[in-house]
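Q: Take a look at the letters that make up each chain.
Number of protein chains: 4
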Amino acid sequence: MYSFLNDYSEGAHPKVLKALIETNDEQSVGYGMDDYCQKAKAVIQERINNQNADVHFLVGGTQVNLTFISYVLKDYQAVIATDEGHIHVHEAGSIEGTGHKVLVAPHHFGKLTVENIEKIVKSHTDEHMVQPKMVYISQTTELGTYYTKDELEKIYAYTKKNGLYLFMDGARLGSALVQNDAPSLVDIAKNTDAFYIGGTKMGALFGEALVIVNPLLQSDFRYQMKQKGSILAKGRLLGVQFYTLLKNRLYEEIGEYENQLAISIRKAFEEKNFNVFCPSSTNQVFVDISKEALNEIEKEFMVTHIKEIKDNVIRIRIVTSWATSQEQVRKLVHLIHQL
Amino acid sequence: MYSFLNDYSEGAHPKVLKALIETNDEQSVGYGMDDYCQKAKAVIQERINNQNADVHFLVGGTQVNLTFISYVLKDYQAVIATDEGHIHVHEAGSIEGTGHKVLVAPHHFGKLTVENIEKIVKSHTDEHMVQPKMVYISQTTELGTYYTKDELEKIYAYTKKNGLYLFMDGARLGSALVQNDAPSLVDIAKNTDAFYIGGTKMGALFGEALVIVNPLLQSDFRYQMKQKGSILAKGRLLGVQFYTLLKNRLYEEIGEYENQLAISIRKAFEEKNFNVFCPSSTNQVFVDISKEALNEIEKEFMVTHIKEIKDNVIRIRIVTSWATSQEQVRKLVHLIHQL
Amino acid sequence: MYSFLNDYSEGAHPKVLKALIETNDEQSVGYGMDDYCQKAKAVIQERINNQNADVHFLVGGTQVNLTFISYVLKDYQAVIATDEGHIHVHEAGSIEGTGHKVLVAPHHFGKLTVENIEKIVKSHTDEHMVQPKMVYISQTTELGTYYTKDELEKIYAYTKKNGLYLFMDGARLGSALVQNDAPSLVDIAKNTDAFYIGGTKMGALFGEALVIVNPLLQSDFRYQMKQKGSILAKGRLLGVQFYTLLKNRLYEEIGEYENQLAISIRKAFEEKNFNVFCPSSTNQVFVDISKEALNEIEKEFMVTHIKEIKDNVIRIRIVTSWATSQEQVRKLVHLIHQL
Amino acid sequence: MYSFLNDYSEGAHPKVLKALIETNDEQSVGYGMDDYCQKAKAVIQERINNQNADVHFLVGGTQVNLTFISYVLKDYQAVIATDEGHIHVHEAGSIEGTGHKVLVAPHHFGKLTVENIEKIVKSHTDEHMVQPKMVYISQTTELGTYYTKDELEKIYAYTKKNGLYLFMDGARLGSALVQNDAPSLVDIAKNTDAFYIGGTKMGALFGEALVIVNPLLQSDFRYQMKQKGSILAKGRLLGVQFYTLLKNRLYEEIGEYENQLAISIRKAFEEKNFNVFCPSSTNQVFVDISKEALNEIEKEFMVTHIKEIKDNVIRIRIVTSWATSQEQVRKLVHLIHQL
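Residue numbers (this note's numbering), protein chains in the order written: chain V, 28 to 366; chain L, 28 to 366; chain S, 28 to 366; chain W, 28 to 366.
Any given hint could turn out to be false.
Unchecked claim - Derived lysine-lysine pairs resembling DSS-like cross-links, with alpha carbons at most 30 Å apart:
id : chain 1 : residue 1 : chain 2 : residue 2
1  : S       : Lys-45    : S       : Lys-66
2  : S       : Lys-274   : S       : Lys-217
3  : V       : Lys-101   : V       : Lys-181
4  : L       : Lys-318   : L       : Lys-337
5  : V       : Lys-274   : W       : Lys-45
6  : L       : Lys-149   : V       : Lys-334
7  : V       : Lys-149   : L       : Lys-217
8  : V       : Lys-45    : W       : Lys-66
Unchecked claim - Beyond 12 Å from chain V on every Cβ pair, some chain S residues (computed):
id : residue
9  : Glu-49
10 : Ser-150
11 : Phe-301
12 : Ile-333
13 : Lys-337
Don't read these hints as lab results, they were simulated from the structure.
Idealized CB from N, CA, C, for every residue including glycine.
Please take these sequences and the hints and turn them into a complete structure.
A: In structure tokens:
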């Protein structure tokens, strides 16, 4: 059974693994104060064209989200996300666990819109309610779509005008970066207060690189990290991996690779007139299929069941990654054509 | 300008005030360990016909909600409320401030239904999501309706079957208790794990009596109260007030009085074919009126603007209490008839 | 049995009670937005000679401490207190309950010293430890002593030089204000970032007036209050009481009255060569006596047992207040002389 | 410059690294639900001779401590540790960050004693104080000593008698396991409610194996992990490493190796009459030396400065690990002999 369950089923991309092996015996100071983290930070600063950005390396996405959001918000402040937002539905209340409400807006193809953000902002008028202070978006979104450069700029402009912070969860950023109309790393750094470059789902063994662009949100952040259990003892492991992913275009190559495979799968479903939900060109394919069709697929492949849409129709998710086998994709496409 | 803004605009009911004055010079031990708190507790145990119920006196409603809900829930557990629920929209994120998510269901005339609770329970399937563990309802509801005895029993039965706790916010409990088909204090004690008998909005200077019926939720609760700043030094003040309100039917008399005044106002609006929102027979009247009509009313009376329903239509709220002047109600009714 | 257990055994000072009775039937808006709170705020601003100070009225001391300290500190920041500090030992972990460590220094007659504060500050060097950010002192202290004007100025100067905030718990402030060498209200406002004027232990039914002097700590504080359950619905009750206590010298009269009674008790013990612990001229008397002597006292009076100092020697506490009977003090003094 | 700063300066033990490389391309389900985690859990259950123990794999020590302690304690409960306890001084307030006070006892050679625990328990008498509920010990301790089997049994017996939980931080457990009089894994499982087998400092790239022995502390723990950001996406990495470390005696071999090197260093200092602080036979050497001697050492080696003991005397720490070079130890010993 070949798994299309997600993009973290295997270990590390061969080049990342090689870098870890080669540096294994070196001595370095702990907690991210080593030279590899410095080098990775420098590469990121260069690629976003911002020498004043702060960069921190954490192990996982929930950890980044809870550590940074709780760092920024005062006790009574809240973060706005879509009703599909990862922090709202799939992190076991980690944000609330740090004391903050998640305010929820309906999604538009997985995305927040200025209109929906504004509705929330305008309905929070006094101290009997929480104070909306941050907007959380995911690139790519939880439904496999992505914000265009134009959409991002509009949301950022709105947040600046209204005293809000904009934070982008980039767990699958590589899949978005290589889209024509998506914001580049430089664009993102100009149009967010902070964002993270995901590693776990993009070829690293583990790790996310948090980039804090807004200088007002930088002081003493390592204290927050330590308190939330987010500083890795052998921090060097994170520096080595991100340096490898970002020093040249490996990160984007991975995004391109996984997107191409997903596109071919999506195309196969569309050719067979299946309903592709929130169609896009990223590495996550959502499609509504009958139980019979699902049974056929699951004879050879593992896919995620999202939910039952109606009688005998299941929404499933298929995810590709740097590790996905081209041959297995060909098999799957062949099978879809026969459904 | 006479205020119909709410039921806590004045001080204490004359009988309550008299009791406070008469006991003012007595010495008593602090923190609710005094004889008056004991007597008030005994009266409540008798009126709910349950000698094993625990009773604690706190100063305000938000304080009761946050102290008790955070006491019951483990870190990853959540409480279910309606989208109009006080803890969801009007307590500045106090529940999230203690670390817990509020899961939100659409309201049915201000009320939760078993069906809506179940939808939430069934959609929370594993440890990537919070664990629903408590249901929070208000009697009367935030929209002035109330749960009938039958509705309460059904919700309680569902919670017991599904390992949930049921907690009732009784900030305006007196207004519900005197309804024919509403649960009595005995019924409530049999069909909740805990509830509180509101004082602030029912004739006390301040204060709410939390009744914990479920013996599994009783141990060491005073520690939780102390930590959350919820133990009043001169706790005797709370005992004196609740003993006065509950030793005979003063509490219910207040409920009957305020309800009758509200009914006459509601009736006046209905006779003039205004849209009464979530009609009921409790002390809160919600009605949709034009800006012109509102202007007329606001020449003499203060009312709460809830929101603009559509162009030139505002939903307002009018609240009566033990202190509401019958003469002023007559004036208001007269004015409505002339709109 | 007459109680010397504490200064909150009775209700309100007659003048305070009278003011509450006289205003009981007035309508006012809720949550501290009423005219009485405005008047009380204006009186306080005048008495501290600072029109920019912010003033908020809360119900109790633990509530003030936890609401304000958690408002000021970022997640990883800590507050420094003595090992006898109320927030350290007697608030059931309320500060830790909001997420913050209390760093503990040995007390010097109940007081913090610059030297002890500095030891803590210097030993916290990096992000593996919490960051000390606030100093918490009590006036009078938990051991009945008080900071002189000179001591307060030195501590404040140190905090300003080192980027710390200074917060004064004034639960028993009136007992200190009337001491010759103690800081006046004006002095305190000049030498703290915030402090509170205690009401519960100084003649109010309940209530504490938090004065935030530092303008950087003022924005949106009411959100924090609401979230922590610290806004009283009938906020007017607090305004009425503090206006009565502070519009003329009632607050100081109460301090003088209770101090004189305590001094006569202390003097009696000293004349009989008992060991008075942390001697002072405030309303709390700590004295070490034998069990036999304690038995004699407890035939007529209730006093607090602090702890067993050594075999057959108990440290007790005797507290006087605005309500303490002069006749009972005479009886106690007489009894002490016969021990 | 060769580093003796700590036991996490290098990557993974060669055998651990090999196992990670060999399994890198395998597909597995995420979040610790894979076969390798199952195998590692089974090995641990077998080695502690307890099939009912629950085992969870987390990335780092602070993460384990904050996740588990906050899971066990109710809001008002506190954990007891020594004044050198890692959770007290070196985790940036992570336990307080989850809402719980750390109660501090003086250490006896780095260790808690029943007597010191009891002093804390007995001084917490009512709800105005926190409620001590858990005892936290480290094996080996922060000062390089270890609890003997007898000491552990006595502490555990005390905790059981007094309704407390006992939790052991085993970040450096391997260094203790191989001591003659130390408790074995079986002994530890019988004499704690939970403990963790440290990986980060014992040859893993990262990772700690939390073993929950007490069945009352097992339900729904994964929810707590998810909320605190403690579930690793590619959880398999942890299973592979712990299976490798524990399936045979690699874990103990590492402990023996590092201990022997530390013993030879300690012996050299003792032969030269330096004051070895808290002498032991584990992998951490604490010794007080003059600044001149320190200068000599630091020409070739990096060591940790703990603190200045008195004029011209510095306490330093030297740590050995699986990766420490025998040749470098010989050089250091030679240098010490020449001091």
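Q: State for each hint whether it applies.
A: Hint-by-hint comparison with the structure:
no.: 1; hint: S:Lys-45 x S:Lys-66; result: holds, 17 Å
no.: 2; hint: S:Lys-274 x S:Lys-217; result: holds, 20 Å
no.: 3; hint: V:Lys-101 x V:Lys-181; result: holds, 25 Å
no.: 4; hint: L:Lys-318 x L:Lys-337; result: holds, 11 Å
no.: 5; hint: V:Lys-274 x W:Lys-45; result: holds, 26 Å
no.: 6; hint: L:Lys-149 x V:Lys-334; result: holds, 12 Å
no.: 7; hint: V:Lys-149 x L:Lys-217; result: violated, 42 Å
no.: 8; hint: V:Lys-45 x W:Lys-66; result: holds, 26 Å
no.: 9; hint: Glu-49; result: holds, 29 Å
no.: 10; hint: Ser-150; result: holds, 16 Å
no.: 11; hint: Phe-301; result: holds, 47 Å
no.: 12; hint: Ile-333; result: holds, 35 Å
no.: 13; hint: Lys-337; result: holds, 42 Å
In summary, the structure is inconsistent with hint 7 from the numbered list given earlier, while agreeing with all the others.
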